[in-house]
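> Spelled out from the first residue to the last, the chains are:
There are 2 protein chains.
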Amino acid sequence: MLGLMQSQPLLISNLITFAERHHGDAQIVSRRVEGDMHRYTYRDAAQRSRQVARALDGLGLAFGDRVATLAWNGYRHFELYFGVSGSGRVLHTINPRLHPDQIAWIANHAQDEVLCFDLTFLPIVQAICGKANIGHYIALCEADQLPQDSGIPGLRSYEEWVGGCDDRYDWPTFDENTASSMCYTSGTTGNPKAALYSHRSTLLHAYGAALPDAMGLSARDAVLPVVPMFHVNAWGIPYSAALTGAKLVFPGPGLDGKSVYELLEAEQVTYAAGVPTVWQMLLTHMKPTGLRFSSLKRTVIGGSACPPAMISAFRDDYGVEVLHAWGMTEMSPLGTVCTLKNKHLGLGEAEQMKIRLKQGRAVFGVDMKIVGDDGIELPWDGKTFGNLLVRGPWVLGQYFKGEGGDPLQGGWFPTGDVATIDADGYMQITDRSKDVIKSGGEWISSIDIENLAVAHPAVAMAACIGMPHPKWDERPIVLVVKRPGAEVTREELLAFYEGKIAKWQIPDDVVFVESIALGATGKILKTRLREQLKGYRLPGL
Amino acid sequence: MLGLMQSQPLLISNLITFAERHHGDAQIVSRRVEGDMHRYTYRDAAQRSRQVARALDGLGLAFGDRVATLAWNGYRHFELYFGVSGSGRVLHTINPRLHPDQIAWIANHAQDEVLCFDLTFLPIVQAICGKANIGHYIALCEADQLPQDSGIPGLRSYEEWVGGCDDRYDWPTFDENTASSMCYTSGTTGNPKAALYSHRSTLLHAYGAALPDAMGLSARDAVLPVVPMFHVNAWGIPYSAALTGAKLVFPGPGLDGKSVYELLEAEQVTYAAGVPTVWQMLLTHMKPTGLRFSSLKRTVIGGSACPPAMISAFRDDYGVEVLHAWGMTEMSPLGTVCTLKNKHLGLGEAEQMKIRLKQGRAVFGVDMKIVGDDGIELPWDGKTFGNLLVRGPWVLGQYFKGEGGDPLQGGWFPTGDVATIDADGYMQITDRSKDVIKSGGEWISSIDIENLAVAHPAVAMAACIGMPHPKWDERPIVLVVKRPGAEVTREELLAFYEGKIAKWQIPDDVVFVESIALGATGKILKTRLREQLKGYRLPGL
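Chains as they are written, first to last, in this note's numbering: chain Z, 1 to 541; chain L, 1 to 541.
Be a bit skeptical, because a hint or two may be false.
EDC-like, lysine to aspartate or glutamate: derived pairs with alpha carbons at most 20 Å apart [to be verified]: (1) L:LYS343 to Z:ASP25; (2) Z:LYS471 to Z:GLU487; (3) Z:LYS343 to L:ASP44; (4) L:LYS369 to Z:GLU377; (5) Z:LYS369 to L:ASP25; (6) L:LYS354 to L:GLU377; (7) Z:LYS401 to Z:ASP448; (8) L:LYS438 to L:ASP508; (9) Z:LYS503 to Z:ASP448; (10) Z:LYS369 to L:GLU20; (11) L:LYS258 to L:ASP36; (12) Z:LYS438 to Z:ASP508; (13) Z:LYS383 to Z:GLU442; (14) L:LYS434 to L:ASP473; (15) Z:LYS287 to Z:ASP317; (16) L:LYS369 to Z:ASP509; (17) Z:LYS343 to L:GLU265; (18) Z:LYS438 to Z:GLU474; (19) L:LYS354 to L:ASP316; (20) L:LYS287 to L:ASP316; (21) Z:LYS434 to Z:GLU491; (22) L:LYS343 to L:GLU321; (23) Z:LYS354 to Z:ASP373; (24) Z:LYS343 to L:GLU20; (25) L:LYS343 to Z:GLU265; (26) Z:LYS471 to Z:ASP422; (27) L:LYS438 to L:GLU377; (28) Z:LYS343 to L:ASP25; (29) Z:LYS534 to Z:GLU498; (30) Z:LYS258 to Z:GLU34; (31) Z:LYS383 to Z:ASP448; (32) Z:LYS503 to Z:ASP473; (33) Z:LYS354 to Z:ASP448; (34) Z:LYS369 to L:ASP36; (35) Z:LYS534 to Z:GLU442; (36) L:LYS343 to Z:ASP44.
Pulled a few chain L residues facing chain Z out of the computed Cβ check, cut under 7 Å [to be verified]: (37) GLN8; (38) PHE174; (39) LYS341; (40) SER439.
Keep in mind that the hints were calculated from the coordinates and are not lab data. For each residue, glycine too, the CB sits at the ideal point set by N, CA and C.
Using the sequences and the accompanying hints, generate a full structural model.
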């Protein structure tokens with residue numbers, strides 16, 4: 001027997017329609033590539049999204065066709081989020097930090113029909129337009145800002161393209177499992193593979209992400225997503241903001257400390273989300289001049305682990321709550337957020353901090369477990385670490401075009417992370433599966449080794465990798481970039497580990513290097529390090 | 001092209017499984033019918049829910065069969081919520097305040113196979129068991145508390161029934177549109193009709209209700225639902241609590257001011273939900289002795305409009321935020337909650353209070369509009385009032401067994417309420433459609449007339465109804481119950497209206513009565529008043 005409630009698909013167009021009807025005059029403020037500020041409302045955004053849908057009709061784009069973007073966080077990008085997906089096409093957000101060859105490859109793999117780009121990325125587009133089979137190029141600018149002789153075939157300005165379109169448009173109704181958007185993983189190994197989100201997964205994620213135990217978004221918030229809309233949909237904030245009617249503040253390309261600070265203050269932002277690097281730049285900007293926040297209440301930090309000192313600085317010096325979060329492209333991206341439970345409210349600050357350093361608890365919609373290499377589930381004791389697996393309606397089932405075959409293990413998606421989970425369900429990443437060092441049947445966390453190294457005053461950056469060993473299978477070594485002017489020897493650094501971890505976990509060697517390569521999403525490219533170390537032999541072998 | 005995220009139905013069993021895995025030791029505390037306190041955890045509740053599923057298997061209940069409850073808010077009722085729906089049966093919560101004949105009628109209409117009841121309701125069950133075709137009667141008690149010679153055929157105790165069952169049970173996976181639970185409307189006109197909820201509608205509602213703009217539930221909360229689980233699922237709180245891992249505090253039958261206060265304090269409740277009557281009893285208990293709240297932060301008040309004085313008392317005297325909410329059985333029930341927007345944060349207290357008195361804004365998942373009798377949408381100006389229509393995935397599409405035909409108007413459900421909506425989307429109920437007085441082509445709100453009457457110091461209760469009039473179609477009269485010992489004349493009361501509303505809106509007459517009949521959900525039974533007034537003629541006719 002079926003229930004008798006209304007049958008209504010979960011569609012992305014519902015979000016912008018809701019925002020228009022119920023939060024029509026809530027503001028969307030954007031710093032533009034041109035440097036000036038642009039402000040309008042959800043009502044305007046909804047109207048322009050409908051014009052986008054019409055403009056896509058005008059190009060003859062079919063249902064399911066891909067529309068790519070290479071763009072900063074801004075109002076035009078926001079309109080594309082709703083106009084493209086809402087009309088049944090698939091929004092393909094491209095990470096401009098990838099190599100142009102990779103972007104061209106991705107655009108062809110995705111079969112992008114249209115590419116909309118900020119002028120910042122003109123050189124990239126010029127580099128790829130000869131290689132990518134894209135039918136239509138749209139520069140996100142006014143008609144009179146369109147670059148002359150760009151060499152890009154048929155280049156049009158966004159304003160000329162959508163500006164003349166009728167804004168009356170009935171959003172189509174279709175199966176909520178229809179593809180809505182896609183994002184390629186950073187692809188540290190092999191070719192990038194794409195997660196293909198659906199309207200359903202996006203809306204369920206938008207509900208989950210707005211919950212008080214996740215981002216806690218409401219119509220009282222002014223939200224600054226520093227996390228990019230070109231990668232995993234800015235953690236879903238554009239959707240959750242429309243769902244709640246929160247004021248949106250888009251930083252455009254201005255991600256330096258000064259620009260972010262000015263925007264936070266000018267727009268009285270209450271909530272911001274970003275990676276640790278951005279917040280470090282912000283704190284570095286604020287500290288010397290004694291600047292304060294007048295409105296910021298909480299920030300969610302993800303992408304990589306947040307240093308404890310940063311959490312303390314935000315909390316103790318500025319009264320801003322810092323929430324650790326964890327997710328990935330394949331998870332839309334939200335998996336866990338580190339909010340406390342009722343039972344923790346009576347704990348002292350130090351005890352609470354121990355919890356805050358973890359990546360957090362699962363939001364309803366995500367389940368997780370840790371397993372050994374044999375696939376057997378491991379205990380939630382906060383100590384045992386294993387391969388982290390997740391499942392849920394906004395977790396990837398397979399990659400676009402079935403690339404890489406069936407990624408699931410018994411219905412669970414292997415994240416490629418190694419983690420502990422404690423009895424309260426708080427997960428802590430200890431490593432990437434491919435980076436964990438397997439020594440004599442035991443696992444050593446490369447991240448632990450790196451964190452200890454950077455705690456040494458002379459160390460600017462560290463990367464730990466496992467080297468093959470005939471007896472132990474693998475042994476860890478640590479590559480270190482010294483701080484400018486600082487000195488430390490191999491022996492001093494190895495001695496620094498003593499008493500901090502078990503003796504068998506201490507690296508076998510320290511290799512000093514000039515730099516450590518980071519990938520497009522700011523993560524250490526350990527594969528590249530291994531190539532660099534080709535021919536290296538562990539001491540004593 | 002379909003998205004490639006995991007295909008996972010939204011099932012009620014997911015909620016209890018999530019709570020068990022991620023909030024296993026979060027507490028569920030219940031005041032029992034026996035008077036003592038019971039406490040256990042989500043882990044225990046999940047285990048016992050699985051035993052309930054097994055016990056239903058043991059009775060041979062098929063998928064979709066109905067299991068009824070006549071029970072207070074407590075842990076056993078909570079287990080039934082998950083055990084019954086999770087195993088694919090349909091939970092039918094019955095309102096014990098209905099007349100036994102109506103309950104018997106409802107049980108037969110729903111085709112209930114099992115009835116689980118608190119011993120409080122033994123007399124009701126004894127009264128109906130000869131009339132209702134129910135196969136199995138279960139008393140929610142220990143085996144040794146089972147009443148002897150009850151006359152109820154085959155009566156068993158819940159603990160004996162579920163206690164021996166194996167707690168290993170794999171929740172079945174099925175279509176999320178499957179019916180999960182049902183609730184009959186109060187049925188002020190004609191036979192009661194049932195809303196038949198689905199797993200999908202329940203889970204979407206659970207997400208929506210937990211949002212910061214709705215109830216704002218998190219794992220840091222201790223939640224006291226005073227609203228009954230026997231009517232519209234206690235506003236969905238059991239589900240939203242499992243979704244967030246909030247501590248649950250169930251009041252059982254103890255709804256008097258003293259019992260509620262003691263429970264709030266003993267269990268350090270942060271959030272409570274109920275109807276105005278309950279909060280009035282609570283405030284009446286607290287005031288004389290100067291009692292304070294040590295943990296309560298916010299309360300959601302719905303069911304009927306909350307008097308401004310009560311909102312002020314909670315806010316000003318006790319520092320508790322009061323949120324007005326509105327919904328109905330046919331809406332799972334949440335429609336609107338009155339939380340402020342970012343733009344209101346700078347307003348003064350008096351301006352904010354004007355907003356708080358409205359029923360609130362739609363939660364994403366609900367859309368609404370007001371229309372005239374011609375079905376044409378009316379403006380959102382906060383003044384124009386019209387029939388309130390709603391739609392969304394947790395709004396009723398049709399009644400159980402198709403009773404009453406197709407209730408929708410162009411895909412929208414007519415709520416039977418008359419309301420205004422302002423430019424910010426805040427809705428305010430002005431009347432029930434059937435109660436609004438249509439005088440000379442204009443509408444007069446019976447609620448406005450009643451509110452003004454009860455503002456007179458001599459008036460305890462008032463009910464306004466429209467009487468037929470040859471020239472104006474209808475004219476309002478007001479029925480009044482005087483406060484004990486107080487005196488007021490017809491002329492004084494009519495004069496009291498002058499200057500407060502337009503002259504043509506002032507009632508044509510005042511009729512003093514001894515009492516005004518309320519229905520099972522605390523609403524004035526205006527149909528009964530009309531019967532009482534049979535033969536009454538308006539002055540001058």
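> Hints numbered earlier in the text: which of these fail when held up against the supplied structure?
Hints 2, 4, 6, 7, 16, 21, 23, 26, 29, 34, 35, 38 and 40 not satisfied by this model.
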